[in-house]
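**Q** Below, each chain spelled out in residue letters.
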Amino acid sequence: MYISDGWNTVQYLSNSNVDIINMSWGIDDWENPDSANEIGVTNLSWVISQYQIDPTILLTKAVSNAETPVSWDCTDLSSCGAHEMAMLRTIPDQTILVGAINADRELTSQKAGLMKDHYIVADGTGVFGTYGTSFAAPKVAGAAAILMHKFPSLQRNPKNTKEVLLKTADDLGAPGVDDIYGHGELNLKSALSPIGTLR
Amino acid sequence: MKTITAMLLYSIVSTVSADFSNLKVYDGYYDSYIMDGTVTDLNGAIHNIGSFYEQTNRTWNVDFSYDWLFDDELFRMNIHTTNGYKSQKLEIDHFVELGFQYVLGLNNNDALMLSISSINIGASINETPCYDDLNREFSCITAQSFAEDHINHTLNKPQLMINYIRRF
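Protein chains in written order, with the working numbering: chain H, -7 to 191; chain V, 619 to 786.
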């Protein structure tokens, strides 16, 4: 299977009038930056544009389960290559990047780093003892689906849906949005509650 | 119901005793009718919603009852009408409520009073959503999704009551 098969599938789904697409997939060849770029890890905007993905669809994207040579998690300019810096700045509004935590709320995936403004974590527990961001990302997608069902104004509005999920996440680690957990842990109960004052 | 209607029609065209004195017109405000205070959302946050339900209209009511005897049995027809209730987030449309009462004497000291009433015109209730900072629609009353949980129906539940009356 090629990376392009994955994106062709995403494109097919995009043309099938879906509201949310979860992408719990990645590449093994982290040593090859070009390969990483092709999958859209470092350049989601470019790939989304190339495959003409509908901008009104919410994309939940699992980050890697391990540290990678691609400097997603570089936290300062000196440790980030210019390429990664440029690409990380262009994560599209329709995309939520999802890391994983364990039962002790410890991060078990790539940390937020420069992705922090788009990054949320969720429980990475899967089935049959499996574990990782591949199981955390669909939980965020499922939460988004519930939100869209309960609040029709969020349908076809990935930017606002993402904002609700990020703003209502439980803060973990350093106060506020941080380089480890980003916005924090998914909290559906908070996401279903009003943000701010009812008017 | 057909029987009662038939009785009523008969009584109108017959020479029965009738009492038209029970006409009452009054106005005023609903007394703290709906929620005044706060609502707690799923997350435990408290929202002040009292001002949303302060009545913005003045209510008037008309009550009218008509009594008649038929075959020595006492019948009463009640009509209640009001112009309803208006507030920022909730409205109850004007309505007319019609009811009938019949007192069935069992003996000199005991009787059964049968009452039936229903709202026949109006009485639709409409809730207006509250919005949060991201313009999501919530029911102000429950602080939950407005799409799934809001009041939008008509008050029209017929009520039947049977009262036992005993004179001591």
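The hints are simulated quantities; they were obtained by calculation from the structure and are not laboratory data. Keep in mind that the hints are not guaranteed to be accurate.
[What the hints assert, rightly or not] Sample of chain H residues at the chain V side, in silico, Cβ under 7 Å:
| id | residue |
| --- | --- |
| 1 | N7 |
| 2 | P84 |
| 3 | K131 |
| 4 | M140 |
| 5 | Q147 |
| 6 | R148 |
| 7 | N152 |
| 8 | L180 |
| 9 | P186 |
Ideal Cβ placement from N, Cα and C applies to all residues, glycine included.
**Q** Compare the structure with each hint and give your call.
**A** The hints, checked one at a time:
For N7 of chain H, the shortest C-beta to C-beta distance to chain V is roughly 27 Å, which exceeds 7 Å, and the interface hint is violated. Here the hint on P84 of chain H is broken, as its CB sits about 19 Å from the closest CB of chain V, past 7 Å. Interface restraint check for K131 of chain H: the shortest CB-CB distance to chain V comes to about 18 Å, outside 7 Å, so the restraint is violated. Annotation: interface hint on M140 of chain H violated; nearest CB of chain V at approximately 10 Å, more than 7 Å.
At its closest, the beta carbon of Q147 of chain H sits 10 Å from a beta carbon of chain V; the interface hint therefore is violated under the 7 Å criterion. With 7 Å as the threshold, the beta carbon of R148 of chain H stays out of range of chain V, its nearest partner Cβ sitting at about 14 Å, so the hint is violated. With its C-beta approaching chain V no nearer than about 6 Å, N152 of chain H sits inside the 7 Å limit, and its interface hint holds. Nearest Cβ of chain V to the Cβ of L180 of chain H: about 9 Å, over the 7 Å cut. The hint is violated.
Evaluation of the P186 of chain H hint against chain V yields a held restraint, the C-beta minimum of about 4 Å falling below 7 Å.
Hint compliance for this structure: hints 1, 2, 3, 4, 5, 6 and 8 are not met, and every other hint is.
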